[in-house]
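Below are the chains, spelled out letter by letter.
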Amino acid sequence: MAVRGGWREWRRGIQVRGAGRRRDGRRWYAGHIRTYAGAARRRLREGELGPAPALLALAVTWIVFQSLNENFLSPRNLSVLGVDIVGTGMVAVGVVFVLLIGEIDLSVGSLAGLSGALFAALNVTHGMSEWLAVIIAVGCGAVAGAFHGFVFTKIGVPAFVVTLAGLLAWNGLMLYLLGPESTIHFSEDGLVAELTGRHFGSAAVGYGLAALGTVAYLLVAHYDRGRRVAAGMPYRPVGEIWARTALLAVVVFVAVYVLGRFEGLPLALLILLGVIVVSDVLLRRTPYGRQVHALGGGVEAARRAGVDVARMRISVFVVSGTLAAVGGLFVASRLASATQVPGSGMLLINAIAAAVIGGTSLFGGRGSTWSALLGVLIIQSIASGMALLGVQSAVQFMITGGVLLIAVVFDSLARRAAESRGRA
Amino acid sequence: MVQPLLALRGVSKRFAAVQALVDVELEIRAGEVVALVGDNAAGKSTLVKVISGAGPADKGVIEWEGGAVQIKRPQDAQALGIATVYQDLAMCGNLDVVANLFLGREIHRFGILDEVEMERRTRELLQILSIRIPDVRAPLATLSGGQRRVVAITRSFLDPPRLLLLDEPTASLGFEQTNQLLDLIEELRDRGAGVLLISHNMGDIKAVADRVAVLRLGRNNGLFNVSTTSQEQIISASTGATDNAALDRPPRPEEAWP
Numbered sequence: 070m071a072v073r074g075g076w077r078e079w080r081r082g083i084q085v086r087g088a089g090r091r092r093d094g095r096r097w098y099a100g101h102i103r104t105y106a107g108a109a110r111r112r113l114r115e116g117e118l119g120p121a122p123a124l125l126a127l128a129v130t131w132i133v134f135q136s137l138n139e140n141f142l143s144p145r146n147l148s149v150l151g152v153d154i155v156g157t158g159m160v161a162v163g164v165v166f167v168l169l170i171g172e173i174d175l176s177v178g179s180l181a182g183l184s185g186a187l188f189a190a191l192n193v194t195h196g197m198s199e200w201l202a203v204i205i206a207v208g209c210g211a212v213a214g215a216f217h218g219f220v221f222t223k224i225g226v227p228a229f230v231v232t233l234a235g236l237l238a239w240n241g242l243m244l245y246l247l248g249p250e251s252t253i254h255f256s257e258d259g260l261v262a263e264l265t266g267r268h269f270g271s272a273a274v275g276y277g278l279a280a281l282g283t284v285a286y287l288l289v290a291h292y293d294r295g296r297r298v299a300a301g302m303p304y305r306p307v308g309e310i311w312a313r314t315a316l317l318a319v320v321v322f323v324a325v326y327v328l329g330r331f332e333g334l335p336l337a338l339l340i341l342l343g344v345i346v347v348s349d350v351l352l353r354r355t356p357y358g359r360q361v362h363a364l365g366g367g368v369e370a371a372r373r374a375g376v377d378v379a380r381m382r383i384s385v386f387v388v389s390g391t392l393a394a395v396g397g398l399f400v401a402s403r404l405a406s407a408t409q410v411p412g413s414g415m416l417l418i419n420a421i422a423a424a425v426i427g428g429t430s431l432f433g434g435r436g437s438t439w440s441a442l443l444g445v446l447i448i449q450s451i452a453s454g455m456a457l458l459g460v461q462s463a464v465q466f467m468i469t470g471g472v473l474l475i476a477v478v479f480d481s482l483a484r485r486a487a488e489s490r491g492r493a
Numbered sequence: 012m013v014q015p016l017l018a019l020r021g022v023s024k025r026f027a028a029v030q031a032l033v034d035v036e037l038e039i040r041a042g043e044v045v046a047l048v049g050d051n052a053a054g055k056s057t058l059v060k061v062i063s064g065a066g067p068a069d070k071g072v073i074e075w076e077g078g079a080v081q082i083k084r085p086q087d088a089q090a091l092g093i094a095t096v097y098q099d100l101a102m103c104g105n106l107d108v109v110a111n112l113f114l115g116r117e118i119h120r121f122g123i124l125d126e127v128e129m130e131r132r133t134r135e136l137l138q139i140l141s142i143r144i145p146d147v148r149a150p151l152a153t154l155s156g157g158q159r160r161v162v163a164i165t166r167s168f169l170d171p172p173r174l175l176l177l178d179e180p181t182a183s184l185g186f187e188q189t190n191q192l193l194d195l196i197e198e199l200r201d202r203g204a205g206v207l208l209i210s211h212n213m214g215d216i217k218a219v220a221d222r223v224a225v226l227r228l229g230r231n232n233g234l235f236n237v238s239t240t241s242q243e244q245i246i247s248a249s250t251g252a253t254d255n256a257a258l259d260r261p262p263r264p265e266e267a268w269p
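Residue numbers (our numbering), protein chains in the order written: chain Y, 70 to 493; chain R, 12 to 269.
Accuracy of the hints is not assured; some may be wrong.
Said to hold, decoys possible - Result set (SDA-like, lysine to any residue): computed pairs, CA atoms no more than 20 Å apart in a straight line:
id : chain 1 : residue 1 : chain 2 : residue 2
1  : R       : K83       : Y       : D377
2  : R       : K83       : Y       : M381
3  : R       : K70       : R       : E128
Said to hold, decoys possible - Simulated coverage check for chain R against chain Y, where a stretch passes if three residues somewhere in it have a Cβ under 8 Å from a Cβ of chain Y:
id : region
4  : 87–98
5  : 101–109
6  : 114–125
Unchecked claim - Listed next, the stretches of chain Y that the computed footprint assigns to chain R, with coverage defined by at least 3 CB atoms under 8 Å from CB atoms of chain R:
id : region
7  : 347–356
8  : 363–369
Rather than coming from a laboratory, the hints here were simulated on the basis of the structure.
Glycine included, every Cβ here is placed at the ideal spot set by N, Cα and C.
The following block holds chain Y by itself, in its conformation from the complex (with noise of 0.2 Å):
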């Protein structure tokens, strides 16, 4: 490459003009060579914890429920919440890409109530095609959201007022395709009905697909280390790669077993991993992704380095509109019927709470689409747990408003960590 050229001819330029001021270049490059190790101490003071509080109080919420109820970890009822978290989840993955970017979309709930009565009206009521119909349905959401990112971005409405005008107003549209019944029923063996209701019973394809994503995930690790050692940088130990894969893989042959010994692989949990999956990986290795941290970390020296500001922040309402309009489905699926249940509130609630309890950080730049399954899953096992020992709701509403306080101080506390590093 011609830069690349160009600045060895520099260096040497800079090597016989300036050497003597200059420091010594092995001095420099050894203080770079840094173990993981010692990485991971660095994070580890700084408060940056990932998802370490999150997956403690996952295991703090089983062990009790579980010790308060035998029945709470069983193949049943675990299998049961495998499916029930999907909706929200779904929602709550494009509740992250929001938040990444300091944003909040608070029409998420009722874009997922429209797309349910979209979808239910258009099939059941005007006889269109299940595919048709749902391609629609999202559609509609992708649309929704683009519209509030236009909105915010080009008029300058803050995203707080944009998208409470959204949840009141598709809410409404809602209502009134739903019509004065409120309710729509659909085909129990339809096309959205089986999102939820597909099991994966053989044991072939769950073992097949939990092996699968764990040599997936050994290979790219491996081929990373391998160009890392090839460019002569700081590389992860194989040992600790072995470590990370088993780890994985323990977590998710337990999972398959486990759901095995019910129906088995729920469809709409492998959806919503396939999501996240991809989520993930758009977000942390694309430049779209990077761009995305970018605008969390500030808007105004990512538009100075060259992001397109007012694209990148569309984009990010279309992926948070699309994904509430897909949780939407899968909630209505649930039922197979399409009902007021997700504009009520509580899905945009839990969608939010969801990301923010798994780590994602309302104030922008930190976070990931694992933590909205974290999150979801830490909030439906205190509702299921809730539910098997008999609690009324409203002691339910009172412990995840807990968690979710905890949630957020936690999030306070590591961003005012941050700050007085800066400053330091």
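On the provided structure of chain Y, position chain R as indicated by the hints.
For chain R alone, coordinates are given in the frame of chain Y:
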């Protein structure tokens, strides 16, 4: 006569009631370091943002190698080969050093970020520039102010710039780092690039600048040749007073005008 690399003709910019720049003229030739001085609120940073595309002018013409160009967005300036180190640095605290360096021009293979190549080039560049950053994967927020400024300067050298805009680059830099930066500026000039340096430090200006342009209250207030002008002349042009309190005190050693 050789066309200047960059020329501003009658550039004006206004923020609500404040007229920040009025008919400003400025020429920067290739292979030349122009210092821009002026009192606080003289419009220096505004002028940098006009050239870098971060805050385009309301009126006036920007010429690049003799031809009129439009710089409406930071991308336009980057495409011309203009790199900028802003006074407030404009970097993302949540991203690491590598990500900040390559923000907006990420290297990717088949759409997937090539972290290895970006990190390799970052290390190479830091080594070439003799810059010491403890951990290129540390989020920028964890670095000190001086380190962040060094990273911002490094970023402007990622693709060797044709015109480098430096807005108070030596603020928060140590003595050794300042010397390194001055070396880099000279190096860049000798390679035929233009440099616009904003600084309050007359010592820095004396060390590297060829000419000094003075802004006062958003207007041109003189253009001086560094080798034939006294410090007093420049200061009085930027403050608008020939008999100024600033001149009555003895100069600090590093500001001494030989």
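Hints and how they fare:
no.: 1; hint: R:K83 <-> Y:D377; result: 13 Å, holds
no.: 2; hint: R:K83 <-> Y:M381; result: 19 Å, holds
no.: 3; hint: R:K70 <-> R:E128; result: 42 Å, violated
no.: 4; hint: 87–98; result: holds (count 3)
no.: 5; hint: 101–109; result: holds (count 6)
no.: 6; hint: 114–125; result: holds (count 8)
no.: 7; hint: 347–356; result: holds (count 4)
no.: 8; hint: 363–369; result: holds (count 5)
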